[in-house]
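> Given the structure of chain C, go ahead and fit chain A onto it with the hints provided.
Protein sequences appear in the order of chains C and A. Numbering (the working numbering) for the first sequence: 40 to 629. Numbering (the working numbering) for the second sequence: 10 to 354.
Treat the hints with care, as some may be off.
Derived, one-sided and incomplete: chain A residues facing chain C with beta-carbon distance under 7 Å [stated by the list, open to error]:
1. Asp70
2. Val189
3. Ile202
Think about it this way: if two alpha-carbon atoms lie no more than 16 Å apart in a straight line, the pair counts; the simulated EDC-like pairs of lysine to aspartate or glutamate are [stated by the list, open to error]:
4. C/Lys443 / C/Glu406
5. C/Lys495 / A/Asp70
6. C/Lys314 / C/Glu169
7. C/Lys487 / A/Asp70
8. C/Lys163 / C/Glu152
9. C/Lys389 / C/Asp310
Simulated from the structure, these hints should not be mistaken for laboratory data. Glycine included, C-beta positions come from ideal geometry on N, C-alpha and C.
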Amino acid sequence: MSRTAKHTTTTGRVMRAAAMAAGLLLAVTACAGGGAAGEGPGEAGDPVAGGDLTVLLDAGFSGDWPTGFDPATSNGVGANLGQNAAIFGGLFTLETNDAGEGEIVPNQAESYEFSDDGLVLTIKLREGIEFSDGTPLNAEAVVWNWVRIFSWGSTSAPTIRLDDTRPAPEYSPEFMESLTNALPDDITEEEVNSRLSSIQAVDEYTVDIALTVVNGAFVNTFPTSPLNNIASPAAYAEQGHEQFKLTPVGAGPFTVVNNTLSDRLDLTRNDAYFKEGLPYLDNLSFQAVAGGQVGFQALQAGQGDVFEGLSDTTLIEQAGNTPGFQAVPGPATSPYVIQLNTRQAPFDDKRAREAIYYATNFEAINEGLFGGQAEMSQSFTASGGLFHMPEIEGYRTYDLEKAKALVEELGGLTVELGTTDITTARSVTTALQTQWQEAGIDVTIDAKPLGDVITKFTTGDWESMLQTAGAWDPSAGIGVQVRFGSSSPFSGAPLPEGASSGEEAVQLGLTSELDDLLAASVATIDPEERAAAYEAIATYISDEAYAPFGTAFTPSQIVRDGVHGPGLDEPIPALSVNQGVLYDRVWRAQ
Amino acid sequence: MTSSVTNAPAAVDGAEHATLLQRLTTAPVLRIIVKRLLIAIPLLFVVSVLVFMLLEAMPGDPAQNAAGMDASPEQVEALRAQMGLDRPAPERYFSWLFGFFTGDLGTSIVSGQTVSSMLVTRLPVTLEIVFLAFVVSIGIAIPAALLAARKPGGVFDRVISFLAMTLLAVPNYVMALLLVLVFSVGLRMLPAIGYVPFMTNPIGNLASVTLPVLALGLPLACFYARFLRGDLVEQVTRTDYIDTARAKGVGPWRALWMHAFRNSSFGLLTLVGLNVGTLIGGTVIIEQIFQMPGLGMMMLQGAMSLDLAVVQMCVFIFAATAVIANLVVDVLYAVLDPRIRYGNH
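One chain only, chain C, in its complex shape:
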């Protein structure tokens, strides 16, 4: 996922216009609105059990769950992190360790290990975990879920290459019937067997998955992947496909009471949750709202306790200054990047790309738009992410005179700068337009809804795009491969010699130098080797002037005083866009 909303709504634009009008009144009522009485930030104390919590979510992103929560058919697993964590708990969680860094922690899984060649991941499950319907979460349940996930065609399913050359173990007729009944009608027996070959139950609590190529980022992707969310096969058989999307049964801290798609999700405590004393809350609800402005007003009106992932900097500041609430920024992971399309003019000329580097002053943008709060980056991760490199040797920084000279040498430079039509991105592109114009570059901005931006990328007919790159793991989600791999439809990096398109490059087996560097970054499970590979990638991108990087900004959690928990007032690095919240440990002062 990019930092952009899943669907940027017309209303969102309207909301922003309205926000200007309502700003004054908001400032006045902010004092009157207040929050529930409770202790202020920094006075959390010991967790207490009980209470209800309502979480507001932006309808344009995590508040949008039109495909429901069946892990095999949901298309929004990467966006709906909180809801999925609350229902399913997850095999692994991303948590913040004592050093303040993000770390993958086995949750329903007890441990994991890769084979020596790095091609087989074996996961040991905790024993004794039950789904909320009383059936066991065991290796067969994982196999049942994973085969479904790779069979239903959900766009959330990971794009990994499974090794189907191993002999598949024998399963009971009951298991096979349950699995077959839960697969799409057009799945062939051959396909099922192929997946059962790749994904195997080794014993009752051990499962493994075989890949054809090493994927060093594989485990790090779990918290944003449907593979993490294990649902009850028995409940599926009982409910049927359509109902299960609405009321799936997992082994997470909460069970579904009511689910109105993309509107409201009501959950209640799972008394059979495997962690003793958890969850703290009795009831948890997720309510979609039309953007930050409405969400913050609803919070003030007492209709919610948390707003997940507020990205409007003005509203974040207002929220932080409103008594009864705190605005907690997440650790920065994905910086803005100006992708330059090297496959067509003007950026097929390195001088034009260099001119953009020299004309771009992200420091000034950080001061002007983000109050100096955003982190600066010269590569595809910020300090909250893995393999962070604060500075890249030889990186071209702001130098107006050099930019002017290059533009003059080129005989002028005209650029279309595309972006996804959300407030922050638009503000950044407007600032860039001003800066670039100072260097003599003629700039037009083309802001479009996300769907149109995707289409624009896939046509290949674009010049420059302001997007975000990287994630907590640079090779997860909309990572460095998606932005810079020659076969990715969202890349502007050069095609391999002899290929006229990314697809052709794949067919002919051609790769560019950058492709090889990118492949090396995931071709090992050794963190040190991965770090070296990412440094080489960042240096290569910088040397070739493919894409200036800038401010790494993360949305904030707006939390009512008295509400505490990992991912809320205890920041966790954002996996891709928003940070995940571990709702089993969220509590509120009574």
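Frame of chain C, contents of chain A only:
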């Protein structure tokens, strides 16, 4: 009745004494209904074609949009085939049309739900909001206009005109945010978001729809009030029949209400008919702001995800509602005004 006032245009005919049912079943009114229906059917057909063409012309690839950025080209292609987008546009249109007449309104490519099942849950929400918004707008506009027209240039007239002008200048989405700030954030009287079904909790339902209804209805009330006030003043100051009524001893309030308003109501009726489309269009934004799970929100979500079956049906329903509303207004004209019923005009 007003039959004593001999030159009031709509009040002279003996047919005024007939019941509404009788009037509806008179041959002239039936003729008008049939005639309007005959016009409405091809009109709706043209609307359906236009909607389809507009959606075809929309930028973006529905399959790519539905698949998201993470999807592989193979996944996008599979989805395109699943959505039927690999078929020619005319084939898809006639397939949709055939489905419409056979009760199959299509399936949402995003949620996988049938459009008909989505409509069943969402249409009542929108109808409730729209109906109440009309009630509120008329309920506010008529007394306000009468009060203002009672003494043109007087204190009430000036205050009401000022308020109407001011509120008219406020777009309904801004109105919505302001209402939330005052009644939800400030006074904590009404919920800022969410919808409570009437069958679940009637009081809660009323509370949940109050602000959306006001946000939709208040600008409309101002519009109606301004129009009605102007028309009433015109009637009172420039028409002989009011002078005659007054000369016969009819008081100013009675002259306004029983005589002038009766004639002005025809103009108001026209406006109401014309505004059905505007009002329903307004629900697209208002339902989103207040998180009301109605047709407006369904359409917006559909449009953002290029969910063609959903958008197509929503736009068609919106258009059909406007056409039907105008048809109803035409029929009411005929029922209320004998000149139209009998072709005098």
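> Hints numbered earlier in the text: which of these fail when held up against the supplied structure?
4 and 9
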